[in-house]
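S.K.: The lines below spell out each chain.
Number of protein chains: 2
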Amino acid sequence: MTASQTNKSKHVLINGQQDESLSPFDRGFSYGDGVFRTLPVIKGHPDSWLDHYKKLMSDCHVLGIVCPSAEILLSDIEKLIQASSSEQSKKQTPSKETPSFVIKIIITRGESERGYAMPALAQPSRVLICSDFPTYPESSFVEGVKLHLCNLRLSHQPLLAGIKHLNRLENVIARAEWQDSNIIDGVLLDANNMVIECTSSNIFARFGTQLHTPDLSNCGVAGLTRQRILELAGDLSLQRSVSNISLSHLMQADEIIICNSLFGAWQVREFNHQHWPQLPLANQLRTLLKSPHAHH
Amino acid sequence: MTASQTNKSKHVLINGQQDESLSPFDRGFSYGDGVFRTLPVIKGHPDSWLDHYKKLMSDCHVLGIVCPSAEILLSDIEKLIQASSSEQSKKQTPSKETPSFVIKIIITRGESERGYAMPALAQPSRVLICSDFPTYPESSFVEGVKLHLCNLRLSHQPLLAGIKHLNRLENVIARAEWQDSNIIDGVLLDANNMVIECTSSNIFARFGTQLHTPDLSNCGVAGLTRQRILELAGDLSLQRSVSNISLSHLMQADEIIICNSLFGAWQVREFNHQHWPQLPLANQLRTLLKSPHAHH
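Listed in order, the protein sequences are those of chains V and G. Just so we're aligned: the first sequence equals residues 1 to 296 in the UniProt record's numbering. Just so we're aligned: the second sequence equals residues 1 to 296 in the UniProt record's numbering.
No lab work stands behind these hints, which were simulated from the structure alone. Check before you lean on any hint, since a few could be wrong.
The list treats identical chains as interchangeable, and a pair is accepted whether it falls inside one copy or across any two copies.
Claimed, not checked - Derived pair list, reagent style SDA-like, types lysine to any residue, alpha-carbon separation capped at 25 Å:
hint, residue 1, residue 2
1, 54, 72
2, 104, 117
3, 55, 134
4, 10, 124
5, 10, 118
6, 54, 159
7, 10, 120
8, 164, 119
9, 10, 122
10, 104, 141
11, 55, 102
12, 146, 118
13, 146, 119
14, 146, 289
15, 290, 143
16, 164, 151
Just so it is clear, the structure is predicted and the values come from calculations on it, not from any experiment.
Model the full assembly from the supplied sequences, consistent with the hints where possible.
M.R.: Next up, the structure:
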């Protein structure tokens with residue numbers, strides 16, 4: 001199997017089977033007809049599982065895909081963690097506090113004949129991949145990060161906006177705009193120069209005690225950490241606001257934060273020829289996101 | 001292999017190998033990071049091969065994917081035709097005049113680690129699928145076809161417009177808008193109510209001696225048959241025009257044609273509560289498209 005040759009440290013389950021292969025007739029491959037999620041494994045358990053599963057179900061629902069049950073997915077995840085842990089423990093003893101793995105869950109509409117028409121009795125496919133947790137530079141947490149301003153403009157498609165589907169060519173093209181490894185992500189605007197998100201994270205801008213994040217009803221992926229930060233804003237005495245933010249408005253923010261399920265939250269210190277002083281919001285958010293009381 | 005279970009009559013080559021499987025790390029699956037083509041096999045040969053290959057190369061170029069050589073792809077195609085022909089001849093003797101098979105060629109950027117960044121040394125993947133030629137209703141050729149007006153509006157993404165990439169969720173959602181098997185395709189507009197294409201074909205509108213087809217610089221797939229019809233317009237004493245066409249403008253057309261590489265050209269007889277009389281352009285175009293002199 002090609003996968004095992006180039007990705008020796010990864011564990012994969014396709015429809016629950018270790019030696020199953022992906023069909024070239026899978027509509028995930030033919031059309032990007034599916035959705036996915038990426039979540040960390042902390043202390044042997046998938047982080048914020050119920051929230052991730054809810055979002056996965058909701059994204060599947062938008063595309064009319066029948067989402068596999070939580071029990072089936074959890075059983076796959078447990079198998080993957082077990083296999084990966086036994087391999088990892090041979091190499092090193094990972095810190096109990098930091099996440100050990102990343103689980104990627106892909107759900108597609110399943111196989112079909114040639115043609116866009118959805119099969120009447122589609123059997124959804126599930127592909128779960130367990131990889132080592134990425135090693136982020138410590139400076140991103142301590143000092144903050146630098147962002148690129150992408151040239152690509154996200155297109156408006158309200159029928160797909162917000163969901164994490166497999167049509168990700170815009171992200172691929174945008175991510176190819178920079179090679180500088182000091183740049184951690186790129187800010188994506190729409191054709192009206194409204195700020196939407198980054199290629200792999202969502203974005204927040206604090207103006208005084210107001211915490212803004214872009215409205216994603218026309219484009220962008222509404223990540224789970226974005227949702228959790230919106231719920232946590234009150235704990236930090238911030239008024240949350242979900243609205244259109246122009247690039248020029250963003251540049252006036254007191255503090256900019258990017259977030260996703262893997263790194264939590266980072267402060268943006270440099271973007272579009274402007275610098276921001278070091279401020280505590282990203283740290284505070286990371287602490288709150290890790291707290292077991294964070295789930296409202 | 002799952003594929004062979006549900007698609008017994010199909011022949012597939014993955015990177016030239018019959019028993020190769022698709023990797024779940026292939027970026028075609030993860031992100032729709034690739035392009036494809038669909039072409040008929042006529043009298044044992046891929047139809048308009050050089051034109052299809054040129055377009056495949058050009059689409060790959062837009063995404064920065066290194067397209068496999070024509071020799072490699074032709075060798076795959078010949079293997080597939082041979083395998084499929086020997087199987088088909090056991091079942092029936094196909095007419096020499098009608099296409100026997102459809103070849104679908106998918107080229108992806110290849111495998112990579114998790115994340116949108118393009119791998120530095122990507123080895124593109126090629127998947128070739130040979131299926132039986134679809135049996136279109138005779139009435140579509142003789143009497144013409146009926147189209148649906150899609151509710152979905154195509155999004156504007158000039159960086160991807162025109163190319164036949166694997167991000168096809170818009171087509172999937174639009175195609176799911178109708179179940180009536182008498183409706184042969186659906187007309188897609190953009191957010192400005194400009195006519196762009198159909199879900200699986202391009203569209204032409206004749207106004208007197210002017211043959212219009214929509215401009216595809218913001219969205220849509222520029223099919224090969226669209227290009228060939230533009231080149232053939234002069235042979236029919238028609239002035240070609242590539243420009244924006246609003247829905248209300250389209251409704252005033254003397255004749256509407258849809259086209260693709262498989263069926264050639266069909267006249268639209270019914271669309272958006274309006275009927276058109278039977279006229280000869282689609283027939284004339286089909287004859288010209290089949291002629292060996294059609295390639296300018």
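S.K.: Against this structure, judge whether each hint is valid.
M.R.: Do the hints match the structure? See the list:
1. 54 <-> 72: within (14 Å within a copy, 45 Å between copies)
2. 104 <-> 117: between (27 Å within a copy, 17 Å between copies)
3. 55 <-> 134: For residue 55 and residue 134, only the intra-copy Cα distance (23 Å) is at most 25 Å; the inter-copy one is 38 Å.
4. 10 <-> 124: both (23 Å within a copy, 21 Å between copies)
5. 10 <-> 118: Classified as between: cross-chain Cα gap 19 Å, same-chain 32 Å, threshold 25 Å.
6. 54 <-> 159: within (19 Å within a copy, 33 Å between copies)
7. 10 <-> 120: Close across copies (20 Å), not inside one copy (34 Å); limit 25 Å.
8. 164 <-> 119: Both ways: residue 164 and residue 119 sit 22 Å apart in one copy and 22 Å across, limit 25 Å.
9. 10 <-> 122: Only across copies: residue 10 and residue 122 sit 19 Å apart there, 28 Å inside one copy, limit 25 Å.
10. 104 <-> 141: Intra 23 Å, inter 47 Å, cutoff 25 Å: intra-copy only.
11. 55 <-> 102: within (17 Å within a copy, 38 Å between copies)
12. 146 <-> 118: Only across copies: residue 146 and residue 118 sit 20 Å apart there, 43 Å inside one copy, limit 25 Å.
13. 146 <-> 119: Close across copies (22 Å), not inside one copy (45 Å); limit 25 Å.
14. 146 <-> 289: within (22 Å within a copy, 55 Å between copies)
15. 290 <-> 143: within (19 Å within a copy, 66 Å between copies)
16. 164 <-> 151: both (22 Å within a copy, 22 Å between copies)
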